[in-house]
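Q: One-letter residues, chain by chain:
There are 2 protein chains.
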Amino acid sequence: MAEKTVREEVQRIAEEARAASGALAQTSAEERNGALAAMAAALRSHAEEIIAANALDMEAARKAGTKESLLDRLMLDKGRVEAMAAALEDLVALPDPLGRVQDARTLSNGIELERVSVPLGVVAVVYEARPNVTADAAGICLKSGNAAVLRGGSMAAHSNEAVARVLADAAASAGMPHGCVGLVASTERAAADELMQLHGVIDVLIPRGGAGLIRHCVETSKVPVIETGTGNCHVYVHASADFDKARAIIVNAKCRRLGVCNAAETLLVDATAAEGFLPAALAGLAARGVTLHADERASAVAAARGIETQPATEDDWATEYLAADLAVRVVDGVDEAIDHVNRYGTKHSEAIVAEDEAACEAFLARVDAAAVYANASTAFTDGGQFGLGAEIGISTQKLHARGPFALDALTSYKYVLRGSGQVRA
Amino acid sequence: MAEKTVREEVQRIAEEARAASGALAQTSAEERNGALAAMAAALRSHAEEIIAANALDMEAARKAGTKESLLDRLMLDKGRVEAMAAALEDLVALPDPLGRVQDARTLSNGIELERVSVPLGVVAVVYEARPNVTADAAGICLKSGNAAVLRGGSMAAHSNEAVARVLADAAASAGMPHGCVGLVASTERAAADELMQLHGVIDVLIPRGGAGLIRHCVETSKVPVIETGTGNCHVYVHASADFDKARAIIVNAKCRRLGVCNAAETLLVDATAAEGFLPAALAGLAARGVTLHADERASAVAAARGIETQPATEDDWATEYLAADLAVRVVDGVDEAIDHVNRYGTKHSEAIVAEDEAACEAFLARVDAAAVYANASTAFTDGGQFGLGAEIGISTQKLHARGPFALDALTSYKYVLRGSGQVRA
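The listed protein sequences correspond, in order, to chains W and C. Here full-length UniProt numbering is used: the first residue of the first sequence is 1, the next is one more, and so on. Here full-length UniProt numbering is used: the first residue of the second sequence is 1, the next is one more, and so on.
It should be emphasised that the hints constitute simulated quantities derived from the structure, not laboratory data. For clarity, every value in this text was computed on a predicted model and none was experimentally measured. The beta-carbon is built from N, C-alpha and C at its ideal position, and this holds for glycine as well. Hints are supplied without guarantee of correctness; some may be wrong.
[Stated by the list, open to error] What the simulated footprint calls covered on chain C by chain W, stretch by stretch (three residues with Cβ under 8 Å from a Cβ of chain W suffice, anywhere in the stretch; the number is not a length): (1) 112 to 125; (2) 215 to 225; (3) 379 to 387.
[Stated by the list, open to error] Facing chain W, from chain C, some residues (calculated, C-beta under 8 Å): (4) S45; (5) H46; (6) A47; (7) I51; (8) K245; (9) A248; (10) N252; (11) A365; (12) A369; (13) A376; (14) L399; (15) G421.
Turn these sequences into a full structure, and let the hints steer you where they fit.
A: Below, the structure is given as structure tokens:
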């Protein structure tokens, strides 16, 4: 598509979302929940059409030699369409994030002040392969009274278009304003870049995808960006650790799912615990197919037991592998561990394993991350696990919302003041 | 200064602030309050030195033909230094915004979850003429455990340098980490632009100044920006209004202080109220020296009473005058008023004057602004008036914090999870 046409398409969809956002903010929770239920029903009744559109994407991706793991992320079948529908229905049951009175006071001059939660307005979500994000993002935005502007990856273009059309039609039939679920069909880079220019039309832009996408958004966007999902997470095993707990935690944090942002990428171990802890831990990880990138002290312990390691480089400390790789480093105590985490971490999820309470509290207080754990796996960083419900990502920045970016994070607030003619002296 | 040197200076100060932020986040409220008291005392004991530095700025500004109102904003005397010191002491009395447990739950797996407030980290403030901002921003950042990187305008360079040096020395003597109050001495534009590049070092950038400065930051910065202080505010007089209240409110909102962001810039009046309300209201405003930019219907009412008006253009609806000017428009009811406000407003402070409750509630619900008022002056939008204490600006964006940007808005939070070996299934 010509660049001018792409820009016009993006502007039109964003302006329609802007126009819809005013009416959407005035809808009741019942109306929005009714629309979510209708959207879920529509996904089910149009499942075949959606799966047929997905088949076109799958065929093109196979022809292009796409690797199996990506093809799996792209694929939709009856079960996955049903899962998208069920996720929309799960949103219905969550409490309404709008209209909450967060503060209420009568000022000394008699004015009654309230701080009330309101939608952000227009939320743009820029994402990559998985077509289920189209339904998830549309649903969470609608539940929170926000108009959504969705822009998925080119590989899933037919799937996204089919899902978005079904959802938008169902929302409109259920009385939601036209334009409240918009999909930018152009998958050219120019489309995403144009979205990022629309300061004043779009209130927030949420990239969901790899570090490259997120960096590009941060560097380019005039619309405020929420950084999500880069997780170079650490598990630190203190000298006082229960080694059985520690082994279970590092195996879970590394191996439960390799490609998720809360997976551990580096294991830090106190020097005094290295001999006692590392051999069985590293053997267990190696047996699960994990390649170990070890510093000198850790590799010496491993080599003495015949466990193979690669030498770790500076790059390994800074790498989010999202794969069956783990960096391993021996440190001299909790201060060095905290320094390492704060230097190389991405402020996502960080864990200490220790029976010593002072060590735990030092780590929890001084590590700068969205979620800090003592004696638990980093794998728990998730909206559902935290009791927050569906999330749109894990925020690794400190502004607005940190950690699971769930319904409440998709709201702002306004001060409502009711007076009887007061003026300021 | 050469551009390379400027960049190096900015990077050094920002890195020092980053390094200080870790230790600062661990200080107790007592320690930070002690430092604020020491900073206040130091301003008083160094008042002469600060006033002497200010005299250099004043002399240069006078030579450059600076207008009187700007000279007044720049000027420091004993009283103003005392006011800066007293403002620091006022911060001591405010509650500590850090370490607040905002949520605490035991998850079903036994993990104890807490959400605890923490500092943002490093806060950069870019501002223009007033040297008191140096002390205000340094104080509010220190109170909230944030390292501050301050960059004032060239006109106040000597004043800012003197104030910042006194404050930094006093903070260090009171045990605060080196680098927690940093001033970028270079007043070249390159210095501010370099600050905006330091994503990952600086956590948030707050511009305080005119619309041009704020737009430049939004368009340039890779560091998240909080937009503050652009206020194209409206007072809407509904058909049901008590005209005496309405006159008092528009006079207060327009004339109390002309140059502030919560001042009214447009008066909207229902057609059915125009004859009854406008003559006395416009005469009162004109008598206070306000130039009236009126649409056809308003100017007809004014002309019939011999009140002079200018014809309003499309530009007038969109202009934040910050001066003795007011746009005046006759509208046909609350819907048209809301549409006008949402189209031309800057989401700052908006007021309706009406005795009809339904009209008030429609305006309060549907106007999209940080503060919405029924029957009170927009002049109340202020951290102190809202009971929030000192503020660093009025946020007109919806992310993170809206309205008065006070101590709580200078915090983020982290999730702290304490387990006993839990792993995720």
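Q: Kindly indicate which numbered hints from before are broken by the structure, ordering the numbers from low to high.
A: Hints 4, 5, 6 and 7 are the ones this structure does not satisfy, whereas the remaining hints hold.
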